[in-house]
Amino acid sequence: MERTFKRALAALDEVFGFLDEALSGCAADAGSAYAVNFAVEEFFTNMVKYEPEGDHLVTISVRREANRLIVRMVDTGVQPFDITNAPAPDLSDSLNDRPVGGLGIHISRELLDSVTYDYGEGQSTITFVKTLET
Amino acid sequence: MFSITVGDDGEIHLSGRFDASRVEQAEAIFSRVTSTCRVDFSDLQYISSAGLGVLLKTQKRLSTTGQSLILVHMNKLVRDVFHIARFDLVFQIDEEQGPHLKMS
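Chains A and B are the protein sequences, given in the same order. Per the working numbering: the first sequence ends with 134, consecutive numbering throughout. Per the working numbering: the second sequence ends with 1104, consecutive numbering throughout.
Keep in mind the hints are simulated off the structure, nothing from the lab. Please note that the accuracy of each hint is not assured.
[Said to hold, decoys possible] Quick look at which bits of chain B chain A covers, simulated, 3 or more residues with Cβ under 8 Å:
hint	region
1	1008-1022
2	1031-1037
3	1047-1053
4	1057-1065
[As the list claims (entries may be wrong)] Taking lysine-lysine pairs in the BS3-like style, the calculated list, with each CA pair at most 30 Å apart, reads:
hint	chain 1	residue 1	chain 2	residue 2
5	A	K6	A	K49
6	A	K49	B	K1057
7	B	K1060	B	K1076
8	B	K1076	B	K1057
9	B	K1060	A	K49
Glycine residues also receive a C-beta, built at the ideal position from the N, C-alpha and C atoms.
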């Protein structure tokens, strides 16, 4: 299943509506559905944050192959931003050292099996895989 | 849907989905907290990194006066995210298991 969204925070509810539909269609378990929602929100809000200008669109597709979910997010008209190169956040027990941002990409990668990033001709493509938990 | 309410005893109750579009609504409540406060997660189905950021920001502010948030009744999926974030090191999390909620 594939759908295109405006690259804006206001589109988030629509994105979640699409994911609910697509994940039920793939018979995804609750844990895998949580992981996909978390990662898509993280990557989508990053796309909005780093390229807030313009009327560009983000296309999201969800498919199932055997027991794996494969999600692809394509962002157009952007500069490269490789999320797989993001630095690891400080996870120490000191509240003072813990930054408020920067956790989301780390958690997403922990929840998923793999995340890959490709860039070409002004287009960023994030592809991630989540093995179904049940 | 997301809702955040404060009970007569000052306990904060979260319900539904706490995502990036709900940060402002949640901050309006959390920014008014000035002393140690329980946060009930039993009806919270989903929290994203944006929601975690609101909690961490509040915890940092409260810690400067020796106060804190105490998080109670998380479902398993939400608790897993807290553990990956290592928030168990910086929050008191009541491990009593809340209801197992399905994503809807």
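Find the hints from earlier in the document that the structure breaks and name them by number, from lowest to highest. Of the numbered hints given earlier, the structure breaks just one, which is hint 2.
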